[in-house]
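K.L.:
Listed in order, the protein sequences are those of chains A and B. Positions 4 to 116 (my numbering) are the ones given, in order, by the first sequence. Positions 56 to 170 (my numbering) are the ones given, in order, by the second sequence.
Where hints are given, some of them may not hold.
Said to hold, decoys possible - Short, incomplete list of chain B residues facing chain A, as computed with Cβ under 10 Å:
| hint | residue |
| --- | --- |
| 1 | Phe67 |
| 2 | Gly71 |
| 3 | Ala86 |
| 4 | Arg166 |
Calculated from the structure, these hints are not laboratory results. Glycine included, C-beta positions come from ideal geometry on N, C-alpha and C.
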Amino acid sequence: AQSVTQPDIHITVSEGASLELRCNYSYGATPYLFWYVQSPGQGLQLLLKYFSGDTLVQGIKGFEAEFKRSQSSFNLRKPSVHWSDAAEYFCAYRGSTLGRLYFGRGTQLTVWP
Amino acid sequence: DGGITQSPKYLFRKEGQNVTLSCEQNLNHDAMYWYRQDPGQGLRLIYYSQIVNDFQKGDIAEGYSVSREKKESFPLTVTSAQKNPTAFYLCASSRIKDNVNTEAFFGQGTRLTVV
Chain A
4 AQSVTQPDIH
14 ITVSEGASLE
24 LRCNYSYGAT
34 PYLFWYVQSP
44 GQGLQLLLKY
54 FSGDTLVQGI
64 KGFEAEFKRS
74 QSSFNLRKPS
84 VHWSDAAEYF
94 CAYRGSTLGR
104 LYFGRGTQLT
114 VWP
Chain B
56 DGGITQSPKY
66 LFRKEGQNVT
76 LSCEQNLNHD
86 AMYWYRQDPG
96 QGLRLIYYSQ
106 IVNDFQKGDI
116 AEGYSVSREK
126 KESFPLTVTS
136 AQKNPTAFYL
146 CASSRIKDNV
156 NTEAFFGQGT
166 RLTVV
């Protein structure tokens, strides 16, 4: 079965520290991968996406993610976290061109001042 | 402004009642989706539609129904058969271009509470 795994339920970092959120997917030779962010009580906002090409993709708010086919991973990174980055982050995956999206369970990010 | 509008933002339902959540998009997107979000469970797909007058069940369709009579509208009805309907409901849409389903855009959600 197709699935997305976010191994970290909750991560706490200090403001200014670097961040890496992990995401692994289970299936698909040519996956379509996404990272979304959600503030409490709000909808999801797209941070970045990977369809093909350069495996390092840049997104909004200073985020980037790297697709590693050998590891079935699409980890999200940010060199220096700001307090406003505190939110829940979701990795999503589509295994084919017209397939449905599968979401991970999310990683809650807390930022210490 | 283009976007996805969900209404109402908050909805209270008595046990045994059906309620309908509205989702409208003016992005001219082909596909629309309904997700349910519960704490710690991520987003679970209820129904999705890639074309008018056609829709497919997602992972947790029991107790829900949808219609897609217009491209811009995809209402979700939570029926009395849904045993635990209290949750945050998210509607999304995406464009299908060159036979590729692009990224999904989300509405602001409807919080449904059974009282």
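K.L.:
The structure should be examined with respect to each hint, and the outcome stated for every one.
P.N.:
Hints versus structure:
With a least beta-carbon distance of about 16 Å to chain A, the hint placing Phe67/B at the interface is violated under the 10 Å criterion. Because the beta carbon of Gly71/B sits about 27 Å from the nearest beta carbon in chain A, more than 10 Å, this interface hint is broken. The restraint placing Ala86/B at the interface with chain A holds, with a minimum CB-CB distance near 9 Å, inside the 10 Å limit. Given the 10 Å rule on beta carbons, the hint for Arg166/B holds: about 7 Å separates it from the nearest Cβ of chain A.
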